[in-house]
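**Q** Chain by chain, the residues:
Number of protein chains: 2
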Amino acid sequence: MDNNKIGTYQFVAEPFHVDLTGHLTMGVLGNHLLNCAGFHASDRGFGIATLNENDYTWVLSRLAIELEDMPYQYEEFCIRTWVENVYRLFTDRDFALVNKEGKTIGYARSVWAMISMQTRRPADLLALHGGNIVDYVCDEPCPIEKPSRIKVTTSEPAATLTAKYSDIDINGHVNSIRYIEHILDLFPIDLFKTQRIRRFEMAYIAESYYGDTLSFYKEEKEDGSYDIEVRKNEGEVVCRSKVMFR
Amino acid sequence: MDNNKIGTYQFVAEPFHVDLTGHLTMGVLGNHLLNCAGFHASDRGFGIATLNENDYTWVLSRLAIELEDMPYQYEEFCIRTWVENVYRLFTDRDFALVNKEGKTIGYARSVWAMISMQTRRPADLLALHGGNIVDYVCDEPCPIEKPSRIKVTTSEPAATLTAKYSDIDINGHVNSIRYIEHILDLFPIDLFKTQRIRRFEMAYIAESYYGDTLSFYKEEKEDGSYDIEVRKNEGEVVCRSKVMFR
Numbered sequence: 008m009d010n011n012k013i014g015t016y017q018f019v020a021e022p023f024h025v026d027l028t029g030h031l032t033m034g035v036l037g038n039h040l041l042n043c044a045g046f047h048a049s050d051r052g053f054g055i056a057t058l059n060e061n062d063y064t065w066v067l068s069r070l071a072i073e074l075e076d077m078p079y080q081y082e083e084f085c086i087r088t089w090v091e092n093v094y095r096l097f098t099d100r101d102f103a104l105v106n107k108e109g110k111t112i113g114y115a116r117s118v119w120a121m122i123s124m125q126t127r128r129p130a131d132l133l134a135l136h137g138g139n140i141v142d143y144v145c146d147e148p149c150p151i152e153k154p155s156r157i158k159v160t161t162s163e164p165a166a167t168l169t170a171k172y173s174d175i176d177i178n179g180h181v182n183s184i185r186y187i188e189h190i191l192d193l194f195p196i197d198l199f200k201t202q203r204i205r206r207f208e209m210a211y212i213a214e215s216y217y218g219d220t221l222s223f224y225k226e227e228k229e230d231g232s233y234d235i236e237v238r239k240n241e242g243e244v245v246c247r248s249k250v251m252f253r
Numbered sequence: 008m009d010n011n012k013i014g015t016y017q018f019v020a021e022p023f024h025v026d027l028t029g030h031l032t033m034g035v036l037g038n039h040l041l042n043c044a045g046f047h048a049s050d051r052g053f054g055i056a057t058l059n060e061n062d063y064t065w066v067l068s069r070l071a072i073e074l075e076d077m078p079y080q081y082e083e084f085c086i087r088t089w090v091e092n093v094y095r096l097f098t099d100r101d102f103a104l105v106n107k108e109g110k111t112i113g114y115a116r117s118v119w120a121m122i123s124m125q126t127r128r129p130a131d132l133l134a135l136h137g138g139n140i141v142d143y144v145c146d147e148p149c150p151i152e153k154p155s156r157i158k159v160t161t162s163e164p165a166a167t168l169t170a171k172y173s174d175i176d177i178n179g180h181v182n183s184i185r186y187i188e189h190i191l192d193l194f195p196i197d198l199f200k201t202q203r204i205r206r207f208e209m210a211y212i213a214e215s216y217y218g219d220t221l222s223f224y225k226e227e228k229e230d231g232s233y234d235i236e237v238r239k240n241e242g243e244v245v246c247r248s249k250v251m252f253r
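Chains A and B, in that order, are what the protein sequence lines are.
Residues in the first sequence are numbered from 8 upward in steps of one, following this note's numbering.
Residues in the second sequence are numbered from 8 upward in steps of one, following this note's numbering.
These aren't lab readings, by the way, just hints derived from the structure by calculation.
One thing to keep in mind: the hints can contain errors.
Put simply, identical chains are the same to the list, so a pair is met inside one copy or across any two.
Under the rule of at most 27 Å between Cα atoms (straight-line distance), these lysine-lysine pairs were calculated in the DSSO-like manner [what the hints assert, rightly or not]:
| # | residue 1 | residue 2 |
| --- | --- | --- |
| 1 | K171 | K225 |
| 2 | K228 | K158 |
| 3 | K110 | K153 |
| 4 | K239 | K200 |
Between the sequences and the hints, there should be enough to build the whole structure, so can you do that?
**A** Here you go:
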């Protein structure tokens, strides 16, 4: 019964998708996770293609990834995904990252809302399709912490950039994956040579657009993790992130 | 007979792989082409995994892509690839881009060398594996112009950036696909709203590394195309590109 609730998707770590250590980049993993969410939802009648006909779309609010290991160049791996909870305005979707030996080497949690593309207002998930999204809720365990609170107080940006053509998606927004890449580019490469990312979080708060100036504020915390806040045009917060190295 | 000479690989245009117009980006297409080259070579005993054991690797020298159309978000497409010529120091590999209706909507040409990873010197392709790479040469037509001469004379860079973590591949070099993205980021987004890229060329000349300052020199030609030259640290030319819009 729960088999149909869990979607499993195969991948291989392509050469231009790995970093200097030969491991899959966090941005590419994020892309795969979001694609799996899309495949899983589509196959069950809740995909963007179906929703778009009705003028609704999914919006990613939070993503938290925790890893023991990352696939190495040319290695096959798979991603499993399922719905953990459905509330009126949010749904929790979990993921497991499984290596070529079948061992689970990481988990991810995500929080999604659905909005009307006309009004940009949230939709009631429990009213959608007669409420049958709850039939897909699955009690598969996802043994990692929920997304945490991210707080940045510094007023000195670690980096600033202007959103360009390659940053922009079909909706005219800076795409969710590009933020991940720009955030990891705040760290010196020597850190990636000696340490691996154990946990990575994103909180998507507002959209940014072509030509926006994005400022990245970075702060090291007492536990050695880094909190990052991205603001556009020196004002509104666009997203926040937490990076914990091991 | 020629069937085994041509490799065919299936793809779908993923949401984070399309640009603001909803069409696959040139960088992602380039990535797929290079992956197909890898799959095709591996399946026939000339892949990097096999070569690495013998301390050889493929190096991409030129890439020219000419397109009538580009796959749209969520569309399936396939890429066909074959070897056109093998010389002592270079091989020409061609590609066709086929849309979901089975229509060929673009072609690409590429030129590759093989080098020793110890000495960085080129290897003799005709001596490799007893010369049997020539058995895969195929006379499938590739009706687009060969890579052209690209010349930039301006001394005023259109943009400058520093190579960061996300730019770097497993070899410690700025990866071939990132150059494509950075080059297209030289153009204002309005150009992509009203025009499509008809032809795109890359000439890879030297490697650049983490921390290198990359300067992008751009020049509009009489025929309306743009020639771009990328230099590192205000000196050596790293790559050149030509972009023709329609």
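**Q** Against which earlier hints does the structure fall short, listed by number upward?
**A** none
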